[in-house]
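Going down the list, the sequences are from chains B and S.
Residues in the first sequence are numbered from 1 upward in steps of one, following this note's numbering.
Residues in the second sequence are numbered from 1 upward in steps of one, following this note's numbering.
Treat the hints with care, as some may be off.
20 Å max Cα-Cα, derived DMTMM-like pairs, lysine to aspartate or glutamate [claimed, not checked]:
#, chain 1, residue 1, chain 2, residue 2
1, S, Lys-177, B, Glu-51
2, B, Lys-55, S, Glu-193
3, B, Lys-40, S, Glu-123
4, B, Lys-55, S, Glu-123
5, B, Lys-55, S, Glu-210
6, B, Lys-62, S, Glu-267
7, S, Lys-214, S, Glu-102
Hints listed in this document are in silico derivations from the structure and should not be mistaken for laboratory results.
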Amino acid sequence: MLTHNQLRQGSRVEIDGAPWIIVAADFVKPGKGQAFTKIKIKNLIDGRVIERTFKSSETVAKADVVDSEMQYLYSDGEFWHFMDPNSCEQVALTDIQVGDALQWLKEQSNYQVTLWKNKAIAVVAPQFVTLTITQCEPGVKGDTVSGANKPAVLETGATVKVPLFVNEGERIRVDTRTGEYVERAK
Amino acid sequence: MADTPQAWRPVATPAILRQRAHLLHQVRNFFWQRGVMEVETPQLLPGVAPELHQDPIACQCGFLSTSPETAMKRLLAAGCGPVYQICRSFRAGEQGVLHNPEFTILEWYQPGWSYRDLMIEVESLLWTVLECAGWLARGGKRTRAECWHYREAFRHFAGVDPFTDSVALLRAACQGKSTAGVRSERQIDPLPEGLDRQDLLDLLLLQQVEPGLKKRSGPVFLLDFPPEAAAMARIDPGPPAVAQRFELYMEGVELANGYQELTDPVEQQHRLLHTNQQRQQTGKQPLPIDERFLHALAHGLPTCAGVAVGLDRLIMLALGANQIQEVMAFPWDPL
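Bound conformation, chain S alone (with noise of 0.2 Å):
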C-alpha cells in the first residue's frame, strides 16, 4: 500500500476518540457498581485453545491471544469470583468495516449465573453505553431485546431446518432456492468449493439471517446453537441437543458471544483435540493447547456463565459510526 504524508494522522477524531474514552470509563462504572472485579491476563501465550476459524499470529516465543478466555478461566477456578477483562485481541487475517486484526474485546464471567442470567445483564449493559452515547437521543429507541431460537430464525429468515436438513437442501437455500416458500434475492451461486454443513449454516447467517435480525428495531438475542457449534459452551443433551450458547445482535451487527461455560474437563479436552485435527483435516496448523488451563478444569471451574463482547463494534454503533475503524486511533495498516 502506497504512504502518504497524511497517512500518520488518526483514523478516529479527536472527538471521536474522547467519546470512546467516556464511553470505556462507564463500562468500567458498570462493573465497579455490581462488584465484578477488573482483571489483567497475558496477551503473549505459549498455549491456545484452538479454534477452527480463529487463526492466532504467531510470534517468536508464542502466540499473541485470540481472547483472554482461557486465562481468566483459570483465576475463576482460582477462586477470583465475578472477573471481567477490557484486553486486546489478535486474529490474523480478519480485515473488514466489522472486524480488525487487531482490536478490543470485553470478557466477563459470572460464577453461579446461568447463561439467561447473563443475557439478562448483557442487555443492562448494551443500553448503558447506548444511552451514554446519546443514542436514545438521536431518536433511538428502547425496546426489550428478542430472543430468537438459532433454530427458529432459521426456519423464518432461511426457510431451513439448521438441525435437521441436509446438506443438499442447506445448499439450495444459499442459492436461493429455498423449498419452505421463503424467498430471497441474496442467492450466492457459484457456491464456494468444499463447504461442509457448518459453513454452509455461517453462510446463511450471513446471506439471510442476519440482514433478517437487522430490520428488526432492537436488540435481538440469537441462542441454543446447533452442538456442532458449541464451541466451549455446555451442551443440553436435549432431545434436541443444543449448546447453551447466545450471541448478541443490534442493527444486524454481531455484538457478544455468551456461554454456558463448558466445566467438565474430560469433554473440554476431547473439543480441543477435535478441532486440532479439523484444523489438520482443512489444511492448517494444529495449534498448541493451553495444558494449564485443562488442569484449572481438573481442580474445577465453578458453575459459571461468560461472554465477550467486541467493544469496538458496541462504541461504533453507539457513535452512530458505520464500520469500526472510525472509532479506532489507528486502526492495522500495513505500510
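Only chain B is shown next, with the shape it has when bound in the complex (with noise of 0.2 Å):
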C-alpha cells in the first residue's frame, strides 16, 4: 500500500480493479486543514486518463505489474509479438499497448515490457536506442557547430532532426523520451 506522500510521479498503482501510472501529483493542505493529494494517472491498459483525489489517511494499493525485459520479433499489422528471452514465451500487444515505443521498435532489440497479472500491458523504450538513418539529404561537410537540422527517416520509420552534418546510412543515438537526436553512434 502506498500512504499519502509516497504518491508520485511514476509510481504505479491499483483503483477500480485497472492498473494506473501517475503522471502527476500534487500536495494540497490549508494550514490549519485537511490534507489531500490530487493525482492524475493515466490507465495502463486503454490509455484514459483521469484525476482522483486522496485524503491524507487513505492509502492506494501498488499495481501488481513486473517489468521484464523482452526481445522485439515482429508484427503481424495487428498484434506486436515480444519473446522472453530466458523462458522463451511470447507475448502479443495491441497498437494501443505499445504506444509511444512504437516509432522506436526495431526487430531482436530489447525493451521493457510491462506485465499486469502476467499479462503484457505496456511497453517502455529503452531511454537511449541507436538506429540508422534510412533517408536523408546529403551531409554538408564541416558544418557542426552551425545549430541547423535537418529531417531523417530511422530503420523503424520514426523522423528525427539531426544536424547537417549526419549522413544517410549513419547510426545515431536518439533519446526516446524527447525524440531528440543525441550523437552519432561509434
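Join the two chains into one complex using the hints; note that each chain is given alone, in its own frame.
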C-alpha cells in the first residue's frame, strides 16, 4: 500500500481494479486544515487519463505489475510480438498498448514490457536507442557548429531532426523521451 | 530516490539567495522601525499545542516545533510587549509546491491590538516585501486588500453556506453539483472516504474558493471562520458565532494566518484536550500538551492579536517563483 506522500509521479497504482501510472501528483493543504493529494493517472491498459483526490489518511494499493526485459520479434499488423529471452515465452500487444514505443521498435532489440497479473499491457523503449538513418538529405561537410538541422527517417520509421553533417546510412543515438538526436553512434 | 553527482548543488541560485537575504533584512527592518522585539524560542519542545491536521516530527527527547506559538505566548504573559520571531518550523509529511516539511515561519504578536488592527499592519508588511523585491516594477499593481468573510466567500465561489448547509449539500458541491447555481468544472468524483463537515469545507476551499481568490488582482483577507476552525482564535459568540481568525491570500496562495488570540486558560485547555481526542478518533497519536503554556495563560495573557506568515511563500511570490523550493537553498530531498 502507498500512503499519500508516496503517491509520486511514475508510481503505479491499482484503482477500481485497473492498473494506472501517476502522471502528476499535487499535495494541497490549508494551513490548519485537512491535507489532500490530487493525482492525475493514466490507465495502463486503455490510456485513459483521469484525476483522483485522496485524503492524507487514505492509502492506495500498488499495482501488481512487473517489468520484464523482452526482445521484439515482429508485427503481424494487428499484434506486436515480444519474447522473454529466458523462458522463450511470447506475448502479443496491440498498437494502443505499444503506444509511444512503436516508433522505436527494431527487431531483435530489447524493450521493457510491463506485465499486469502476468498479462502484457505496455512497452517502454530504453531511454537511448541506436538506429540507422534510412533516408535524409546529403550531409554538409564540416558544419558541426551552426545548430541547423534537417529531418532524417530512421529504420523504424521514426523521423528525427539531425545536424546537417549527418548522412544517410549512419547510425545515431536518439533520446526516446524527447525524440531528439543525441550523437552519432561509434 | 536515486542521487546524482549534481545533487549537492543548492536549488535556489546564489542570485535568488542574495535577494532572499535582502528581503529578510527588510522584514527585520520593518519590525525594528515599529519597536517590535525580535525573540528566539526553542525549536526542540517537550510538549506542544496539539493540532488535528499538523503532525510534529518526533525526536528522542521531544518534538521539533511546528510553530513557536506557545513559547511566544509565554513571553507575552511575562510582559515582553510586541514580539516577533523568524525561525524554522517542521511539519511531518507536508511536501508539495507550496509545502516543505522544514520551512521558515514569521510569527508576530501585538498586545492590545485587535485582529482587525493586525490585518492592516500585515498588509503593510506584504507591500514592504513586494515593493522591495521589485514586484511593482515588474508590472504588479498596488491595490488595497479585499476582505471576504469566510461565509461570503463560500457562498460566492462555491455556492454553499459553510455555517448552515448540511453535509449532504457540501458533498454535492464538492462533486460539482451545487444547488445555488454556481457551476463548477472542478468537481471531485468520487469523493475521498470519510470526510467530515470541516474536511468538506477544506476541500471546497482548495478546489473552489482559492481558485476564485486567485483571480482577484491584489491581496485578499479571508476572515471570521466557523467556530470549529477556530484553532487558537477567540470566538465571537455572535450570532452567528465566528472565530476571529484571518488568512491572507495573494495570487490564490495562503500567506498568513492570524487570530484574535484566545486568552481564556480554561477554554484553551478544553480545546487542546478536545483536539487530542479528535486525533485519537482519527487514528493519530495524542500529543503531550505544553502545560507551561497553559500556566502562562492562567497567569494572564494580555489581550493580543497574532499572526504566522509563511516567509518562503512570501519570498516566492515576491520574486515571481512558482514553487517554494526555488527560493530555498536545500529543500527536503531524501536520499
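So, going through the hints one by one against the coordinates:
1. Lys-177(S) to Glu-51(B): Cα-Cα ~17 Å, so holds.
2. Lys-55(B) to Glu-193(S): holds (8 Å)
3. Lys-40(B) to Glu-123(S): violated (36 Å)
4. Lys-55(B) to Glu-123(S): violated (33 Å)
5. Lys-55(B) to Glu-210(S): Holds, at roughly 18 Å.
6. Lys-62(B) to Glu-267(S): The hint is violated at about 44 Å.
7. Lys-214(S) to Glu-102(S): Violated. Lys-214(S) to Glu-102(S) sits at ~25 Å, over the 20 Å cutoff.
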